[in-house]
Amino acid sequence: MSSPILQMKDIEKHFGPVIALAGVSVDVHQGECHCLLGDNGAGKSTFIKTMSGVHKATKGEILFEGKPMNFQRPRDAISAGIATVYQDLAMIPLMSVSRNFFMGNEPIRNIGPLKFFDHKRANEITMAEMSKMGINLRGPDQAVGTLSGGERQTVAIARAVYFGAKVLILDEPTSALGVRQTSNVLATINMVRKLGVAVVFITHNVRHAMAVGDRFTVLNRGKTFGTASRGDVSPEELQDMMAGGQELATLEGSLGGTV
Amino acid sequence: MVTSNPSPAPVADERIKERSSLRKALVRPELGGMCGTVLVFTFFLLTAFDSGMFTSQGILNWTLVSAQFAIIAVGACLLMISGEFDLSMGSMIGFAGMMIAIFGVTLGWPIWFAIIVTFVLCMGIGALNGYIVIKTGLPSFIVTLALLFILRGFTIFLPQTIERKTIIGGIRDVAEGDWLASLFGGKVLTGLFQWLGDAGLIATFERGVKAGQPIVDGVPMLVVWAIGLIIFGHVLLTKTRFGNWIFAAGGDAQAARYVGVPVSRVKILMFMFTAFCATVFATCQVMEFGSAGADRGVLKEFEAIISVVIGGALLTGGYGSVLGAALGALIFGVVQQGLFFAGVESSLFRVFLGIILLLAVVLNTYIRRMITGER
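Order-wise, the sequence lines are chains R and F. The first sequence: position 131 = 114 (our numbering), numbered continuously. The second sequence: position 91 = 94 (our numbering), numbered continuously.
Incorrect hints may appear among the rest.
[As the list claims (entries may be wrong)] Keeping only pairs whose Cα atoms sit at most 30 Å apart, straight-line, the calculated DSSO-like set for lysine-lysine is:
#	chain 1	residue 1	chain 2	residue 2
1	F	Lys242	R	Lys103
2	R	Lys115	F	Lys138
3	R	Lys98	F	Lys242
4	R	Lys39	R	Lys(-8)
5	R	Lys50	R	Lys32
6	R	Lys206	R	Lys39
7	R	Lys98	R	Lys206
8	R	Lys177	R	Lys149
9	R	Lys32	F	Lys138
10	R	Lys39	F	Lys242
11	R	Lys50	R	Lys115
[As the list claims (entries may be wrong)] Ranges of calculated distance between the beta carbons of each label pair, as one might list FRET restraints:
#	chain 1	residue 1	chain 2	residue 2	range
12	R	Gly(-1)	F	Arg268	53 to 61 Å
13	F	Ala130	R	Pro0	52 to 60 Å
14	F	Phe235	R	Asp124	16 to 24 Å
15	R	Asp124	F	Ser350	28 to 36 Å
16	F	Thr139	R	Gly(-1)	21 to 29 Å
17	R	Gly6	F	Met373	47 to 55 Å
Simulated from the structure, these hints should not be mistaken for lab results. Even glycine gets a Cβ: it sits at the ideal position worked out from N, Cα and C.
Only chain F is shown next, with the shape it has when bound in the complex:
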C-alpha cells in the first residue's frame, strides 16, 4: 500500500446539491405507485363511499381482483427487471388450468399429483421460453408471442379432442379434502372473521341456513399467495446476491457477464418464476370456479405488464420494484372494481385505465431520472 500518498480527506463537492432526508426517503422507485394509491383511494372514498365498496364484501371484492393482478405482476416484474418480457403469461394461465382439469378429472389422477405435474410442466415451458431467448438472441417479445399462440391453441385443442368441450368442470368434487388443493382454494383466519361477525364488526347473514355466520368468512388463499409472493419477490430482489444479478442482467447483460454474473441462468430462472406465478394464478382460479375454461387468462399478460409499469419498472429492464408492482396491481384492481361500485358505465374503465397508465409512466420517468441521472 502507498503510505506516501495519503487519501484525500472527503471534501463536499460543490456541484452536488445537498438533499433533505425527506426527499431522500421519498424519491424511490415506488413513489409513483404510492402517489397513485393515495389518489385512487381518495377518489373512491369521496365518490363511492356509500356504495358498499368499503364494507367487508366490498373490500373482499377488490382485494381479490388486486391479489390476482399482484400474483402475476410479481413474476412479470422480476422478469422485466432482468430485461425480458413474457407475453405468454395469459395463455399459460389458461393452459395450466386446463392441464389440472385434464389430469385431475379426465385422467382421474389424485388432484395433488395433477397440480404438481402441472407446475413442473409449466415451469418447464417457462425454461424453454428462456432457453430459446438466450440461445437465439431474439427479443423475448417475439419468442413469447409465439408461445402465446401455441399454448392457447393447445388449451382449446386438448379438451375439444378429449372431452368434446372447451370447459372441464367437476374439479371441486375431486379436490374435496385434498391437502394440496386446499393450499390454493381454501380460506384462512376463518375463526377471526367469525369472531368479528359475532362482535358485530362485520356484516353477517341475517336469515337462512347460514344465519349468524359472517358474509365474508375468511381470507382466500389467493390473497395469502399474493402477499407471500410479494414478500418473497421483494426480499429476493433487494436483499440477496441473486437480486443484484437480476438488476445487472437487465441493466447491461454484457457488462454483467464481464464481471462473472451468470446472466443466462438468471434470465431462464426468471422465465421459470413467471411461469410459476401464472400457474399459481391458474390453480387458485380453477379451485375457485371448480372448472377450467379454454378462454381463461386472455389478456392477463398485459394486465401484469401494466401493473408492473404503473409500479415504476423500466420496460427495457434494469430498474423497478416489486413493492411498486404490487401497488400497481392494487391501483388496477381498485379502479376496475371501484368504477363498478361508483356506477360508472363499464366501458369507461378502459379510458380510466389508459389515463392512469399514461400519468404513471410520465411520473415514474421523472422520478427515475431524479434517481439515476439519466438524460
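This is chain R alone, in the form it adopts within the complex:
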C-alpha cells in the first residue's frame, strides 16, 4: 500500500480538566474508506473536529501528504483538501441546490469592472454533477428543502468532491436516514472512494461500516482500541470493541442477538 495521505499520530485533546482524546492514531490512504467506530462519548466528534481544523490538538502530530500540518481554522483544512460533511449542517434548506453547491466557491463572470455570480455555469455544473450522483432535480433552482435527507448528504458529498477534496470526512451521514436513503448514501461513498478520494466514515452502526469500509478503527474512551482490515474482523467483534468489551456480549444474549 502507498504511503498514507493523512496521518494522525497520538492526538490528545484536553478541554480544561476533561481529557477528550488520550492518544488516538489513525492513518488514511488514498482511495480507501476508513471507518471510525465508537460509542457515544468515545471521542469520535472531537477527533474529526481536530482533523478538520475546528479544534487544535493539545498534543500529537498531523501529517498531510507526509508534511506536518497545523490547522488554525476549518478554512485551512479545506484549502489543504480535507472536506467535512456534517450530518445536519451540510446544506441550507431555503436556498436552491445550485446556490448551495457553490456556496463559498461561487463562479464569477466579469462584465466590465463588475463581478457577477455566473448562474448559467453554476446551474449547468450542478445539473451535471447531480445526475452523475443519480439525483434527478426538477431544476437547479429547486430548493434543498425539497430534497430528502439522503439526497442532501449526497449533494454535500458531490460538492466536496467537485471542489477537489482529497480527504472526505463524513460525520454520521447515515444515522438519521431510512433504509433506502442509507443505501444510496453508502453507494455514493463507494463511488467517491473509487475516484481516489480518501474517505473517513464516522458511524456507530457496524453494518453500515461493514458495507463500505476497507479498514476499521474503533475508539473507546478517548483511545484507539485497535485498527483492523476488512476480512480480519467480524461485525460481532467490532460491536464488542465499540462497547468496550464483554458487557454487550451478555446483553446481546438476553436480547437474542438483535443489537
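Could you slot chain F onto chain R? The hints should help.
Leaving out everything else, chain F in the frame of chain R:
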C-alpha cells in the same frame, strides 16, 4: 475518473410532479407583493378615482411616501435576509438629520462636509451594531433596541444642550447651491415635466407668478434614490457572489462558516448598509423640510420591517426579495395615502394596515412552502 461506472441516464422521478412553466414563473418570493399591488390599485381605482389620487399631484403624493418606505425597506430587507434586525433605524433617521443640522448650521461647516461626516458617523454606528451582535452572540433585536433608545436620547439631548431647542432650522439657506445637497434635495427631469405641462398632459398653475408652470415640476431626488437603491439591492442579492453569502449567512450561519463564507463580515456590512439607507432617508428629509427635528423617524423601523415582510421575506432570515420589499413599500404608501384620498377616517388606516400585513404573511408563508418544501 471511473469509466466502468457510467452515470445513470436522467430518468424522470415519478414522485416529482410536472409543473407548468406558468406556475414556475409565478411561484416566486415576490408573488405575494405582486398580488397585493394589483389588489390595492384595483381597490383605489374603483373607490377613489375621482378624488385626485391619480392626477399628477396625487401620484407624486403617494409615490413620495412609497419611496420613503422603499429606501429604508431595501436596507432592512438585505439585513433581514442575512439573519438580523435593526430596530434602531428610526432613531438613526432622527439622529442623522440632527447631526447634519448641528454640523451644517450650528457649527457652520460646509453642508457637503456635514453630510459626508454624518454618513461616516452613522455607518460607523451601524458597524458597531453589527460588531456587538457578532461578538456577544446576542439577538440583534435586543442590541439594536438598546441603540434605538441611545440614539433617540442623543437626538433630543444634543440640540437641547447646544441650541436650547429640539428643532434646528435654516438648512435650506446653507444648502443653497451645494453640489452634494442637491443630490438629496433637488429634482430631475424638470424639462420633461415642463414639456408635459405645456402639452396639457399634466396640470399647470393657472394664475400667480408660477402661471403656466406644471404643478409637479420634476421627480424628487428621493424617488431617484429609492429606485437606485432598489436596483442596487436586487442586483447585489440575486446576481453576485456577495448576494449568495447574504442568503447563506441568514439561512444557516454555521453551515455557511463551514464552507468558508465570511459570515461575520457579511452581517456587519449589512448593518452598515442599513445605516446608510437610514441616512439617505434622513438627508432627503432634512433637505425637503429645511430643518431637523428630534422626533423624526419615530416608528420608521417598524414601517421598514412591515414593508419587507409584506414583500415576502422570512423574519428569521435566509429568504426574501428586494423587489418584494419594494412592492411592500408601494402597497404601504398607496394604502396610507389612498385612504386619505378616499376620505376614510384616518384612524382606520391602522386597521387596514393590520389586515394587509396579516393577509400578506399568510399568503407569503404558503408561497414560501411551495418553493422551499418546508413543512
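Hint check:
For the given pair, Lys242 (chain F) sits about 11 Å from Lys103 (chain R) by alpha-carbon distance, which is consistent with the 30 Å threshold. The straight-line distance between the Cα atoms of Lys115 (chain R) and Lys138 (chain F) is roughly 42 Å, outside the 30 Å bound, and the hint therefore fails. Restraint check: the Cα-Cα separation between Lys98 (chain R) and Lys242 (chain F) comes to about 9 Å, which is no more than 30 Å; the hinted pair holds. Of the pairs offered as hints, the one joining Lys39 (chain R) and Lys(-8) (chain R) holds, with about 14 Å between alpha carbons and a cut-off of 30 Å not exceeded.
Our distance criterion of 30 Å between C-alpha atoms is met by Lys50 (chain R) and Lys32 (chain R), whose separation comes to about 19 Å. For a cut-off of 30 Å, the pair hint linking Lys206 (chain R) to Lys39 (chain R) stands: about 17 Å separates their Cα positions. Restraint check: the Cα-Cα separation between Lys98 (chain R) and Lys206 (chain R) comes to about 50 Å, which exceeds 30 Å; the hinted pair is violated. Taking the CA atoms of Lys177 (chain R) and Lys149 (chain R), the gap is about 12 Å. The hint holds against a cut of 30 Å.
A hinted pair counts as satisfied when its Cα atoms are at most 30 Å apart, and Lys32 (chain R) with Lys138 (chain F) qualifies at roughly 23 Å. A hinted pair counts as satisfied when its Cα atoms are at most 30 Å apart, and Lys39 (chain R) with Lys242 (chain F) does not qualify at roughly 37 Å. For the given pair, Lys50 (chain R) sits about 33 Å from Lys115 (chain R) by alpha-carbon distance, which is inconsistent with the 30 Å threshold. For the hinted restraint 53 to 61 Å between Gly(-1) (chain R) and Arg268 (chain F), the CB-CB distance of approximately 31 Å leaves it violated.
Take Ala130 (chain F) and Pro0 (chain R): their Cβ atoms lie about 39 Å apart, and the range 52 to 60 Å is violated. Remark: the range hint 16 to 24 Å for Phe235 (chain F) to Asp124 (chain R) is upheld by a beta-carbon distance near 23 Å. In this structure the supplied range 28 to 36 Å is violated for Asp124 (chain R) paired with Ser350 (chain F), their Cβ-Cβ distance being about 44 Å. Between Thr139 (chain F) and Gly(-1) (chain R) the beta carbons are some 22 Å apart, a value that agrees with the proposed interval 21 to 29 Å.
Taking the beta carbon of each, Gly6 (chain R) and Met373 (chain F) are about 53 Å apart, inside 47 to 55 Å as hinted.
Hint compliance for this structure: hints 2, 7, 10, 11, 12, 13 and 15 are broken, all remaining hints hold.
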